[in-house]
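Student: The primary structure of each chain is shown beneath.
Protein chains: 2
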Amino acid sequence: MSLILTFLGKGGSGRTTMAIAAAKKFASSGKRVLLVGQDPGPTLGLLLGETTSNSPAEITPNLSVVQLFSTIMLEQSWEQIKELEAKYLRSPTLKNVYGQELGILPGMDSALALNAIREYDKSDRYDVIVYDGPGDNNTLRMMGIPEVLSWYVRRFRKVLGDSDVGKVLAPFIQPITSAILNVSWSADDLAKEPSDRANNLLEEGKAALANPKRVTAYLVTTADPIAIAAAKYLWGSAQQVGLTVSGVLLNQAEASEAIATEFAPLGVNAIPSRAGDDWQPLIEALPDFQTVSQVPQPMTVDLAARQVRVFLPGFDKKQVKLTQYGPEITIEAGDQRRNIDLPSPLRGQPVRGAKYQSGYLVISF
Amino acid sequence: MSLILTFLGKGGSGRTTMAIAAAKKFASSGKRVLLVGQDPGPTLGLLLGETTSNSPAEITPNLSVVQLFSTIMLEQSWEQIKELEAKYLRSPTLKNVYGQELGILPGMDSALALNAIREYDKSDRYDVIVYDGPGDNNTLRMMGIPEVLSWYVRRFRKVLGDSDVGKVLAPFIQPITSAILNVSWSADDLAKEPSDRANNLLEEGKAALANPKRVTAYLVTTADPIAIAAAKYLWGSAQQVGLTVSGVLLNQAEASEAIATEFAPLGVNAIPSRAGDDWQPLIEALPDFQTVSQVPQPMTVDLAARQVRVFLPGFDKKQVKLTQYGPEITIEAGDQRRNIDLPSPLRGQPVRGAKYQSGYLVISF
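Residue numbers (UniProt numbering), protein chains in the order written: chain B, 1 to 365; chain P, 1 to 365.
These are computed hints drawn from the structure, not numbers from a lab.
Treat the hints loosely; a few may be bogus.
As the list claims (entries may be wrong) - Below, in silico cross-link-like pairs of lysine-lysine (DSS-like), each with a Cα-Cα straight-line distance of 30 angstroms or less:
hint, chain 1, residue 1, chain 2, residue 2
1, B, Lys82, P, Lys318
2, P, Lys82, P, Lys95
3, P, Lys82, B, Lys318
4, B, Lys82, P, Lys321
5, P, Lys321, B, Lys95
Assemble the whole structure, with the sequences as input and the hints as a guide.
Tutor: Structure representation (structure tokens):
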């Protein structure tokens with residue numbers, strides 16, 4: 001198991017530079033590091049001054065780099081799907097379609113990248129995985145897969161399990177989802193209770209995300225007010241997918257009281273500009289990523305007071321919405337919907353009141 | 001029908017600024033303009049100095065702005081799916097799930113945004129739609145939906161039409177795909193010939209993309225060599241989804257011979273920095289987007305010489321790969337796979353040779 005570290009912020013604020021500096025810092029302290037670049041373009045390689053490829057290669061002691069290509073990952077994944085199909089279906093139909101033909105549709109990049117990170121994590125070859133992704137809402141969508149998909153599973157299990165469509169889809173769902181996400185999800189599973197889910201990957205993913213010693217993000221911003229606003233928005237949005245934000249890297253600017261206030265209670269580290277190939281000043285200015293800082297808990301439930309407090313910093317009051325259409329409460333913010341399965345005395349209870357203040361949504365039952 | 005204009009380039013190179021300036025330019029010349037922002041964060045509103053929302057609002061004469069929120073679009077789309085399900089299935093199962101509960105998974109943003117743009121285009125309320133999207137590979141994935149999905153349809157039609165799974169899925173495919181992409185795609189259609197496809201939306205989308213008077217992109221870059229390299233990579237990658245790149249906007253730098261050479265034969269317009277709220281110098285420096293410049297054709301087929309020339313600028317030789325596993329030829333570049341259904345004398349013929357030089361892939365049969 002590795003520490004998975006990523007960076008969020010407006011494009012051009014220096015996320016890839018921070019990812020490289022962080023990877024170099026860990027490697028120089030003796031940790032085995034994998035730097036994972038998601039963008040297939042030339043940026044990461046040019047900033048590193050190295051040729052990057054689709055399989056991890058050690059560029060300096062302890063520091064390996066891999067650049068993800070969805071075309072290649074999909075090709076490999078397709079072979080697994082075909083094997084599974086041949087195993088589960090009486091008349092396999094996919095054997096005449098080749099992985100080398102398959103185009104990439106939106107969403108595949110994220111699913112394949114998350115799966116790749118999961119496999120590198122499982123391999124025990126790396127102490128730290130530094131993920132240089134799109135760093136915006138798209139990174140959050142990827143990190144949100146366990147949270148959102150597990151809601152779809154629990155919500156639709158009952159609905160589909162009873163239906164004609166569900167019975168008909170079940171034999172097909174098994175091989176496809178097994179191949180893509182390793183979720184064991186057969187016709188039988190559709191009828192089973194949530195306790196069975198503990199073993200599945202979505203729950204493992206949610207647990208990893210909920211633990212800032214396993215997965216954490218830092219905000220990257222310059223002193224530009226628009227970059228600061230974008231970073232704050234991503235800070236709040238990250239809570240919606242269960243991703244802990246542990247601090248702020250202020251790139252190419254001096255720390256100020258005003259900026260510290262914007263991001264309180266997070267720590268802000270000012271990072272100097274890079275001069276040529278000298279990464280040392282940046283490395284020295286970075287925080288100690290392994291000391292988990294004291295950041296507010298994403299959610300606290302006070303059963304006695306019948307109150308739930310959800311940490312949602314960085315939003316305007318109008319941007320946070322609470323609804324209760326389905327069996328769970330739904331929080332809408334940051335163009336994300338998060339459904340919260342509350343512990344049993346509060347589960348299914350009507351909400352009596354809610355207010356959003358000082359970065360917290362306080363819900364009373 | 002509108003002209004749909006978008007901008008590609010490295011994050012932070014000024015894409016949103018260019019999108020706003022372009023929208024203002026069109027509006028001041030009397031065109032009805034819709035500026036569509038995809039990122040749910042605060043950047044677009046702050047740069048515009050206006051509050052933006054999920055429905056188009058006119059902020060100055062002729063210029064309307066809308067910010068896309070996937071949560072809201074999915075909610076609306078879900079209601080359509082439920083209506084369709086109730087219409088097509090004997091025992092509708094989705095009626096007890098509410099659009100207001102649904103979380104967003106990767107890929108939904110792109111599919112919903114493309115659908116929104118299509119509907120604004122169809123509305124005949126706008127002469128020009130300026131789309132400010134992620135501007136990187138994710139924009140290309142979205143623009144690639146018609147091209148890639150229509151390949152999946154033609155490749156899997158035969159495979160699935162004959163199979164148990166296909167027969168079983170058909171009644172479910174109809175309502176879902178109808179709701180999301182308005183593709184009429186029933187069990188009958190699975191067996192029909194390609195001539196039927198002319199009416200469907202994927203073909204319409206491909207036709208629009210193939211016509212630079214309907215859909216076109218401009219590259220945005222600063223003078224930073226990494227931003228230039230990223231823009232060049234996106235230039236080539238855009239060809240892979242059939243999107244025409246018509247020119248280059250060089251932001252906050254003077255035009256130079258060296259930069260002109262990098263992007264030849266595209267024209268390069270140098271755009272000055274913005275001082276305060278004065279957009280006029282930027283607007284004046286922009287090209288006339290409606291004069292379609294002479295850019296190389298994406299693909300030319302010479303039947304007599306049995307040769308196909310594919311325009312693929314901006315790549316290194318090693319980054320372009322040609323394979324022929326399936327019934328079509330497959331070009332892999334820019335982490336995209338493009339399958340080309342050649343005209344009939346060359347269709348299904350083995351490739352005799354291929355070379356990549358001066359930005360062209362030349363394939364001989």
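Student: Confirm or reject each hint.
Tutor: Here's how the hints hold up against the structure:
1. The suggested pairing of Lys82/B with Lys318/P holds, with an alpha-carbon distance near 29 angstroms, which does not exceed 30 angstroms.
2. Under the criterion of a C-alpha separation no larger than 30 angstroms, the hint pairing Lys82/P with Lys95/P is consistent with the structure, at around 6 angstroms.
3. Note on Lys82/P and Lys318/B: the hinted pairing holds, with a Cα-Cα distance of about 29 angstroms set against a maximum of 30 angstroms.
4. The suggested pairing of Lys82/B with Lys321/P holds, with an alpha-carbon distance near 24 angstroms, which does not exceed 30 angstroms.
5. At roughly 23 angstroms between alpha-carbon atoms, Lys321/P and Lys95/B fall within 30 angstroms of each other, so this suggested pair holds.
This entry satisfies every hint, going by the numbered hints stated previously.
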